[in-house]
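K.L.:
Please build the complete structure, drawing on both the sequences and the hints.
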Amino acid sequence: MANQADKSSVHLVPRGWGISLIWATAIVGISILASATINPLFGRYIHWDWMAGIAPISFILILAAFRRRWV
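Just so you know, we're using this note's numbering here: the sequence shown kicks off at -14 and counts up by one.
Simulated from the structure, these hints should not be mistaken for laboratory data.
All values reported here derive from a predicted model rather than from experimental measurement.
Note that the Cβ used here is the ideal one computed from N, Cα and C, for glycine as well.
A couple of the hints might just be wrong.
[Claimed, not checked] What follows is a list of derived Cβ distance ranges for each label pair:
| hint | residue 1 | residue 2 | range |
| --- | --- | --- | --- |
| 1 | Ile23 | Val(-5) | 35 to 45 angstroms |
| 2 | Val56 | Trp35 | 15 to 25 angstroms |
| 3 | Ala49 | Val(-5) | 15 to 25 angstroms |
| 4 | Thr22 | Leu46 | 18 to 28 angstroms |
| 5 | Ser43 | Arg0 | 29 to 39 angstroms |
| 6 | Gly28 | Val56 | 26 to 36 angstroms |
| 7 | His(-4) | Gly28 | 43 to 53 angstroms |
P.N.:
What follows is the structure in structure tokens.
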């Protein structure tokens, strides 16, 4: 029982900006690369107007998620 109480009282500090920035850049970069690879396979052109809106917003959200330890 005492061991469970110790685990619940642990306070996690946010990750550093550097690590969060690296993860966010990697995830968004992989998403853009996947979009650029998969769309032509289905005979469609890449919708860069969508990616221009989605990529920066998802980058900011992923950066915040890693920084705040939501993931």
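K.L.:
Decide, hint by hint, whether the structure agrees.
P.N.:
Now for the hints, and whether the structure bears them out:
1. Ile23 / Val(-5): 35 to 45 angstroms: holds (41 angstroms)
2. Val56 / Trp35: 15 to 25 angstroms: With a Cβ separation near 24 angstroms, valine 56 and tryptophan 35 satisfy 15 to 25 angstroms, so the hint holds.
3. Ala49 / Val(-5): 15 to 25 angstroms: holds (22 angstroms)
4. Thr22 / Leu46: 18 to 28 angstroms: holds (23 angstroms)
5. Ser43 / Arg0: 29 to 39 angstroms: About 18 angstroms separates the Cβ atoms of serine 43 and arginine 0, which means 29 to 39 angstroms is violated.
6. Gly28 / Val56: 26 to 36 angstroms: holds (34 angstroms)
7. His(-4) / Gly28: 43 to 53 angstroms: Given a distance of about 52 angstroms, which is inside 43 to 53 angstroms, the answer is holds.
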